[in-house]
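So the sequence lines, in the order shown, correspond to chains R and W.
Per the working numbering, the very first residue in the first sequence carries number 114; after that it's consecutive.
Per the working numbering, the very first residue in the second sequence carries number 6; after that it's consecutive.
Do not rely on the hints blindly, as some may be mistaken.
Below are the SDA-like pairs computed for lysine to any residue, each with C-alpha atoms no more than 25 Å apart in a straight line [stated by the list, open to error]:
(1) K329(R) <-> P256(R)
(2) K418(R) <-> K13(W)
(3) K66(W) <-> V431(R)
(4) K13(W) <-> V431(R)
(5) K13(W) <-> Q146(R)
(6) K13(W) <-> A132(R)
Everything labelled a hint here was simulated from the structure, so no lab data went into it.
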Amino acid sequence: MLHHNIRARATPITTQIVAIDVLAPDVRRLVLQLPPNHPFRYRAGQFVSLVLPDGSRRSLSPACAPRVDDCIVFHVQRQPNGVLSNLVFRDFVLGDSVAIEGPFGNCVLGHRSNPTVMLATGTGIAPLMAMLEENFACGTPRPITLFWGGRTLRDLYAAPTLESWARQRLNFRFIPVLSSTGIYVQDAAAAIFPDFFGIDIYACGSPGMVESARAKLLTFPGASPDRFYADAFRPSGAAAAPSSPSIVIHHADANIEVPIGASLLAALTNAGVAINSVCGGQASCGTCRVKLAPEWHDHFPPPNKTERRLLAYLESPVPTHRLACQITLEPRHAGLAFSLDP
Amino acid sequence: MDVNIDQKSELEQVGAAFAVEKMLFVRDRVRATIHDIAASVKPGMVEEDAVEMAKDLLAAKDMLKGWHDVYVRFGTNTLKTFGAPSDPGIVLGENDIFLIDIGPVWKEWEGDGGDTFVVGENAVMSQCAADAKKLFHIVRKKWSTEGLNGKELYAFAEAEALKMGWELNLDLSGHRLSDFPHAAIYDGPMMDVDFKPSPLLWVLEIHIRNHERTFGAFYEDMLLDDSYFS
């Protein structure tokens, strides 16, 4: 799990509706197409704000990991007199424009392979499906057990997809839970897991489920509030501003707010700065090389052997070169100045 | 995300520097380097030291830059899937198994190769290492002769692995290769494509493991016809 404190994009981006499909009688699949050459980037598990015609905003989590076709998929639940619900179920037509802001939220899957338990009700399955897609694409061998609750099987509209993933993946289990039988997702998880040592728990869906799951599962041996994630998955409401400690750094005449504790590479990527990285932060590809301003050279620990060897190998090395993936941002780095692709 | 057949031309794009002879040249260097690394791995070595040795060797061969990290995995770490950190401090036993997976970039061209080796005497480990390579060629021939798409190839590979007595790890299910970086074109698994992958543009990965999950074996190379595997 990475705790990115990802700055919201200030300027809304105009997308176009390219599909509205029926997932279930009360659920629609809304697909938005990003414009060409857009600067929008998100991680599975984050959420975005849709700016509605009346100026109000509704937050939704993408149901897919970032796609090569630049479409974003959302699951929209029908809500009585819901503004977004009315638009999606009644008013929107293909080709309509919808502005989005974000992304928001700081809970995304990292590269660790901790066993993971996911709990969802209703359209709370959407961000978890995005995270699953991302997890499978990365090949991280994280064992994941997903409990998805509905009143009846008809409510579990994505069950065929999840069952297919479970058949294909040795490390993924999908357990449908029907509340009509008197069992809820947190009960099912409690029945299967005797303890939660080293296990990350994600809960997404109705606030009642999230709070019940929190109250129940955190009494189990090994369960930790630090490993119980639910904050990024609010189904609606205004997007929150980041709240984790951050600093401001300088690049290309711009000030960039970045979270303390993140790598410089992750912070820049999530701030929308066009920095390359191919190897996933392994100090292998060298594409995230940056050139520190001379006065900042001594503000960082010297590179370890792996970074030092690669920096020496890359073309035209200078002493102020570092790999952004190997720099961890600390409070004392406020004001850091550097250039890309030096 | 499913990728349909209309996307073949999109996903099989190459960059401006792409050149067939360069890709094959890097492939030859990668295959040779894997065996050079393997020759320096000895029982009693700690895995982390083997990785350092491999990186030093790659640097000496002007191939230190990689589109992915260098993996030399010993014993139970051979079960680990791509990108997963190894359990630390594993020492290669007298009768043991290890795998190598490198993805160097030489000048502007990517390479990728993997193979598995056994030290001492362990018939089951030796069989596993041999079967990873054997299965690679069975699947490659299927691709060559029957034109299966990515999904079909890995469904076939999974069934064949089971027949051989192994589990196939579908988290390692093939990928693009090109002039650096192929990730700008398509960074997803070959198993997700609904078309027949073209030669020279894709890597077929085979990672098998025993049912008891005590060790595994890995083999990968470019998808090419028989004439490249003499």
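Could you grab the alpha-carbon distance between K329(R) and P256(R) and see if it respects the 25 Å cut-off? Judged against 25 Å, a Cα distance of about 22 Å means the pair holds.
Going straight from one Cα to the other, do K13(W) and A132(R) come out at no more than 25 Å? Status holds; Cα separation ~23 Å.
Take the C-alpha atoms of K418(R) and K13(W), compute the straight-line distance between them, and say whether it is at most 25 Å. Outside the cut-off at roughly 41 Å; violated.
With a cut-off of 25 Å on the C-alpha distance, tell me whether K13(W) and Q146(R) pass. Distance of about 21 Å is within 25 Å: holds.
Restraint status (C-alpha distance of K66(W) to V431(R) at most 25 Å): Measuring from Cα to Cα gives roughly 22 Å; hence the hint holds.
For the pair supplied as a hint, K13(W) and V431(R), is the alpha-carbon distance within the 25 Å limit? Outside the cut-off at roughly 42 Å; violated.
In the structure shown, a violation is registered for the earlier hints numbered 2 and 4, in ascending order.
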